[in-house]
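Colleague: We have chain A; now place chains B, C and D onto it with these hints.
Protein chains in written order, with UniProt numbering: chain A, 1 to 434; chain B, 1 to 434; chain C, 1 to 434; chain D, 1 to 434.
It should be emphasised that the hints constitute simulated quantities derived from the structure, not laboratory data.
This one's a predicted model, so the numbers in the text were calculated from it and none came from an experiment.
Treat each hint with caution, since some may be false.
Claimed, not checked - Short, incomplete list of chain C residues facing chain B, as computed with Cβ under 10 angstroms:
hint: 1; residue: Ile22
hint: 2; residue: Leu123
hint: 3; residue: Tyr256
hint: 4; residue: Ser258
hint: 5; residue: Asn272
hint: 6; residue: Asn278
hint: 7; residue: Thr321
Every residue gets a Cβ at the ideal spot worked out from N, C-alpha and C, and that includes glycine.
Protein chains: 4
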Amino acid sequence: MIPRYSRPEMTAIWEPATRFRIWFEIEAHACDAQAQLGVIPKSAAEAVWKAKDVDFDVARIDEIEREVKHDVIAFLTHLAEFVGPEARFVHQGMTSSDVLDTCLNVQLTRAADILIKDMDALLAALKRRAFEHKDTVCIGRSHGIHAEPVTFGLKMAQAYAEMERNRDRLVAARTEVATCAISGAVGTFANIDPRVEEHVAKAMGLRPEPVSTQVIPRDRHAMFFATLGVIASSIERLATEIRHLQRTEVLEAEEYFSPGQKGSSAMPHKRNPVLTENLTGLARMVRAYALPAMENVALWHERDISHSSVERMIGPDATVTLDFALVRLTGVIDKLVVYPDNMARNLDKFRGLVHSQRVLLALTQKGVSREDSYRLVQRNAMKVWEQGADFMAELKADPEVRAALSDAEIEEKFDLGYHTKHVDTIFARVFGDS
Amino acid sequence: MIPRYSRPEMTAIWEPATRFRIWFEIEAHACDAQAQLGVIPKSAAEAVWKAKDVDFDVARIDEIEREVKHDVIAFLTHLAEFVGPEARFVHQGMTSSDVLDTCLNVQLTRAADILIKDMDALLAALKRRAFEHKDTVCIGRSHGIHAEPVTFGLKMAQAYAEMERNRDRLVAARTEVATCAISGAVGTFANIDPRVEEHVAKAMGLRPEPVSTQVIPRDRHAMFFATLGVIASSIERLATEIRHLQRTEVLEAEEYFSPGQKGSSAMPHKRNPVLTENLTGLARMVRAYALPAMENVALWHERDISHSSVERMIGPDATVTLDFALVRLTGVIDKLVVYPDNMARNLDKFRGLVHSQRVLLALTQKGVSREDSYRLVQRNAMKVWEQGADFMAELKADPEVRAALSDAEIEEKFDLGYHTKHVDTIFARVFGDS
Amino acid sequence: MIPRYSRPEMTAIWEPATRFRIWFEIEAHACDAQAQLGVIPKSAAEAVWKAKDVDFDVARIDEIEREVKHDVIAFLTHLAEFVGPEARFVHQGMTSSDVLDTCLNVQLTRAADILIKDMDALLAALKRRAFEHKDTVCIGRSHGIHAEPVTFGLKMAQAYAEMERNRDRLVAARTEVATCAISGAVGTFANIDPRVEEHVAKAMGLRPEPVSTQVIPRDRHAMFFATLGVIASSIERLATEIRHLQRTEVLEAEEYFSPGQKGSSAMPHKRNPVLTENLTGLARMVRAYALPAMENVALWHERDISHSSVERMIGPDATVTLDFALVRLTGVIDKLVVYPDNMARNLDKFRGLVHSQRVLLALTQKGVSREDSYRLVQRNAMKVWEQGADFMAELKADPEVRAALSDAEIEEKFDLGYHTKHVDTIFARVFGDS
Amino acid sequence: MIPRYSRPEMTAIWEPATRFRIWFEIEAHACDAQAQLGVIPKSAAEAVWKAKDVDFDVARIDEIEREVKHDVIAFLTHLAEFVGPEARFVHQGMTSSDVLDTCLNVQLTRAADILIKDMDALLAALKRRAFEHKDTVCIGRSHGIHAEPVTFGLKMAQAYAEMERNRDRLVAARTEVATCAISGAVGTFANIDPRVEEHVAKAMGLRPEPVSTQVIPRDRHAMFFATLGVIASSIERLATEIRHLQRTEVLEAEEYFSPGQKGSSAMPHKRNPVLTENLTGLARMVRAYALPAMENVALWHERDISHSSVERMIGPDATVTLDFALVRLTGVIDKLVVYPDNMARNLDKFRGLVHSQRVLLALTQKGVSREDSYRLVQRNAMKVWEQGADFMAELKADPEVRAALSDAEIEEKFDLGYHTKHVDTIFARVFGDS
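Next comes chain A alone, as it looks inside the complex (with noise of 0.2 angstroms):
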């Protein structure tokens, strides 16, 4: 995470004031469930909250810290600074992780919030576009060599449908996080009601967690952070989707560039596909700290700490980063330049010889051999590719190939509606019948 690919609203709920407003919810409706349960005075519970608009101090609690070598209870140290002496009663019963580990939660839901809202963006983008160019035609590749027909439509449909199961995973990665803990040192509710768990998550918009160890169980966020690395993976193949269309040689759509963007005039086909390059390797970033998610699962015993430094940096790391992605993205689809023509040029590279499968089909249906199918269409394309010549005139002017179809039945095998006829079935299965 680095300022050049971070959004604001992403990068504050990592920041040190939003972790201390989180901390202080948690630990004042704690105290609205201690008061109710008797264990501490409604009076201090009430007291708690006078906190409440107070704009906790960084750098004095960073000052604490110092001193005591302990991020919880420096903040309690400021938070008794508002509070006055019913601060006494925060926190009681309760262990530094319950905070801790209940915050992150917090920030993390939040980060899925936002991710997610990145996403609805991405998929009216790609939406949109998919319409728009539901029935521009385009050459298909497998390989990377020409293989058959598909339209620009669909391959930002086919984007859309893994986005939107991106979307899917995500929802249901925010659910595997959505968790509270409020369960004291090793988690067995010694010293604190179970009721208080139960409020706080409430509160908190979480889940309590069914049972925690002091710490609430790691395989959470691992499968979290694997789901981001999932997505990121997505943003890379339709990243590289655009760099292959931006190419030189294809140039079917490219990024779009501003007008006043420093490119070169001078050399106007030099516009590099940069912002989806860039994506490229922010996926391998997101990709990559999945791993450390792993392997923070097995924690020794009720917990060890070795999980928090990673967290501390695959937390804000991922999430910003994939936030910043996903809305690059947006932009990149949003505003993406399409050249029909050159795909229309493309496509016919090869003078009707995409065409050859059909034509074949077309004359062992006929009748001729499948021998003799094969040798007639190989010589007319063999023409075409070392001559050439257009595909269908020579399919026209030989003899043998007319004696089995007219010069209405070759033109029909070029047409490239059939190709598209099942567009339509295909954009009601992503998008409805909307």
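Modeller: For chains B, C and D alone, coordinates are given in the frame of chain A:
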């Protein structure tokens, strides 16, 4: 995947014979649909099913493949040897990937079914041991250091809850890959009716892939293998727990040693937790396979074939290894030798010191100032720590402590029941009201 | 590692028979040293060598292992069947790991030797193609967009230099693992003289491990497998280059297609770069194996056995796959079909525009202001870009340009030799004065 | 990289001001070479050096970059504000990557220099503690289970040998990235003389990159970051060792606790190995960065820019985190509190049983049959294991044992010196004859 860490039930899924059998079913069901649509003669579809009980000759197919350098064509050629001339209607309008990708997903869903069954067995073992030791008190450890009491049943309950989450993830991962594509060269259904795909999908227990591009999109498989990686990480967690408990100085639990097993009765302490160490290594492998699966997502355009070599390896490697690991872990849990006496001895290693926090709290509640309470507890704690004294005895002998707490009150603070009073609550959360 | 991507020379290293052969040699050499030190009778050492030419019965050893559940003991039991009663002197003072770890390192160094040989063949192929196409000009591309001219030979020279670095890394990686440990139960030589280790090391072509702890430290192996991962990444780079060059719209080079190979002459453009795509996937696998190798380093105390299952898999998997990939890549390079005409055509796609920078520079050097120079180049460049005009013709027809540059001077700026004048310098750097 | 886990010396390398300083030096040295070659006026080169002591205004450069959207151009524009009109001679014939890639390698070599210094400090600490505890006997453990005696010094010597290998690897990794490229748009030196590169390389302490393609090939950086990953894994090993030794039941060593440090003297056993746990987490992060570095190798053609975002993150992240980790580990080792008494107590946990193997051997050497010897040792061992008897006493009291071994002979088998007799040999291997 190596024989040493494989179970035949799972490896069978990945054997050539199984693959050819699935290919046959896909082709035969497709013929049924094509016949129903009038694209091919009904007799042709019926002819194909003549090969229903054939054991395809793997060596023969390999031989053909060496010649034609194409695995699906080799298979179809071999199939024709049984079906006869009507074999020419087989595979019409389809592309090899239709067969290959649908087959892979059949294999992965079958593998997932075995893994889910494995998980059920593991869950049953964990549940049994959890209830067996619901009240077996042992020390909880954070950072490897004694903290406060838990029960061994709670450890098992935690593992159960984690593995149940993993089961849910596995079911979701199975759903991810349970799709079928019969959509032709670039996924446009140009040469085949989408209803064929629907028919085959249903017959094979899959859903149609909404939009395929010759291939089924690989984000599905990335999610599948990432999920296996998370499950492996949970296996590592439980394995690590057992390895720790079996350490010479701890010895609270031990992998079962069969009487005949080569151990050293001249060194009876030398029983190594080799199964759980082995599981730790296997977990590393399953986790590692998640990465190439994620890198597979960004195929070029409608498809390239870089994913294929990866999947030929990790398909079997990840599922076979995880299957073996789950079964092994189930065996370990099932037969795990638990030593409650050692747990009790370890718990009391510091002769009552584990209760110091409760005594501290009790003193303050009796009106002793926080500073004085701390001083009182500390001076008695240090006698335990430095001279091996008994904490309760020292407290009872300390006039200042006695001024605040009666013998009975002191003794009450040493009640382990205080720590286990919510075990039933937690069990109800994890196991329901069973 | 699967048969499809394996070569017998490399897989042989990992076969049980080879392993037992190496075990035998380690034990026999150890006996020699023990006899020389007077620890065991000379006759015992001699007796052991009687088994020198024995083909150990793998099935028999497996059978014994199933009974005793210990692989080394099973082997020694089988060995005794050939050696007779003096077999009791074998393995004295040694621990199983002495045999296992030393054997693994023998296998890895042998594997490295094959890989180095593979690399030499690849380097030879790259060098030959580099010189063959030293002056074959083609467009250099940054971001997939045309930049300035390079030569195809330079591409090969770059790959050569990169692979030569990889060869050096491989030699270093081999050195990393070329160590031997015969140091007993916890590496203290309590029951065996260090001179035995020195003798065995020398006999097996290894160095003594300075300090082992039952096991040879796994940082060595981590470095070994990480190095294979880097080499795999370079393979991916070269494979990706070829995949790009073979794209339909580019077609500057192509994997060799044997005349008999199943291609489609009805679609002669449909020659897919399947070998290099395959290499891309294999690279992902080799890279993935680096991770568990790194996780293997942190064994507990003097050793645990978690690394063992990992190594049983990645030992063969990584070396066999990389061996196969290197040989496949060598074949691809060796037979790569290069299309200089297509290179020339692509280079001139924008009819001279590639020289715009040089014209710009020439104008400023003639005293035209930077702003004016840019304007002049730009207005002619846009005619090329928008109307497909010829850049040189436009320049010659532009009075303002002609005021500064003569026809000859303009023509000189279009000399490709300008770009290739330092190719020999670079070749000398890469290949020396050969 | 976050402030909490950063040291200023290393972060300084990655600050914008440092980057601009290095860019300046590269440009200025290039001007010198250009002037010497007569390409630009000598006065221009001299003029550039006027900016030698300028503190470039990072905010101003950022402002310009926001406008021109190009970092190097922004810098050059700012530079011109100091140099004046002769600034137009700066950067001539160069491409941005010449500056960026050479700068990155300067930063990485400087980072490596700090890491090497860190490593030297760590090695010194390990050596000191190794000699201090050369003869401090403790139990060696395999699988976490007591095996045979080692010394604490041996553990340190092992770590020293491993870290010394890591130091060698680090030096090699530094060499990997110590190259410079000043080769122009696609690396052909079309617009710049190779002698400029040679001059700049020398001036910046680098070697010329033999063949660059606008960019310096990324296999170098992959190797660099993979090496950091291996080093991190060794850090994890040593950290894990200490975490194990500090476990409550083991307590053979402990991280230093400053008297002022917030610990609990009411629970004096609750001193957590938080530093080494933290190191375990940091190791996971450094290891994770190796992967995107490897994925960066396969850039498209002469270059794409996908590596850039990765390196902007892992450049600082990996080096800053590893630097912090090495320094932290050095502090841990330096001040590690070692408890020889606890080591002795743990060693004798089974009251002499650790010597059972030697007794067994002694009996056979006295002519007792192997079966009988085993039976004798076993029946006495079981008394120790089951009833807590003293092994030596039991042996002395066993008539059958006494028939073969005298008291003195039995006692001799319990001599720990037997196990430590080769410690000096091992130390000589590791530390030389120092």
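Colleague: It remains to establish, for every hint, whether it holds in the given structure.
Modeller: Hints, one by one, checked against the model:
The restraint placing Ile22/C at the interface with chain B is violated, with a minimum CB-CB distance near 18 angstroms, outside the 10 angstroms limit. Because the closest C-beta pair between Leu123/C and chain B is about 24 angstroms apart, greater than 10 angstroms, the hint is violated. Here the hint on Tyr256/C is broken, as its CB sits about 13 angstroms from the closest CB of chain B, past 10 angstroms. At about 9 angstroms, the closest approach between the beta carbon of Ser258/C and any beta carbon in chain B falls short of 10 angstroms, and the interface hint on this residue holds.
Interface hint at Asn272/C: satisfied, since its Cβ lies 7 angstroms from the closest Cβ of chain B, which is below the 10 angstroms cut-off. Interface restraint check: Asn278/C against chain B, minimum CB-CB distance 5 angstroms, threshold 10 angstroms, status holds. Contact between Thr321/C and chain B, as hinted, is supported at the beta carbon level, the nearest pair being about 8 angstroms apart and thus within 10 angstroms.
Hint compliance for this structure: hints 1, 2, 3 are not met, and every other hint is.
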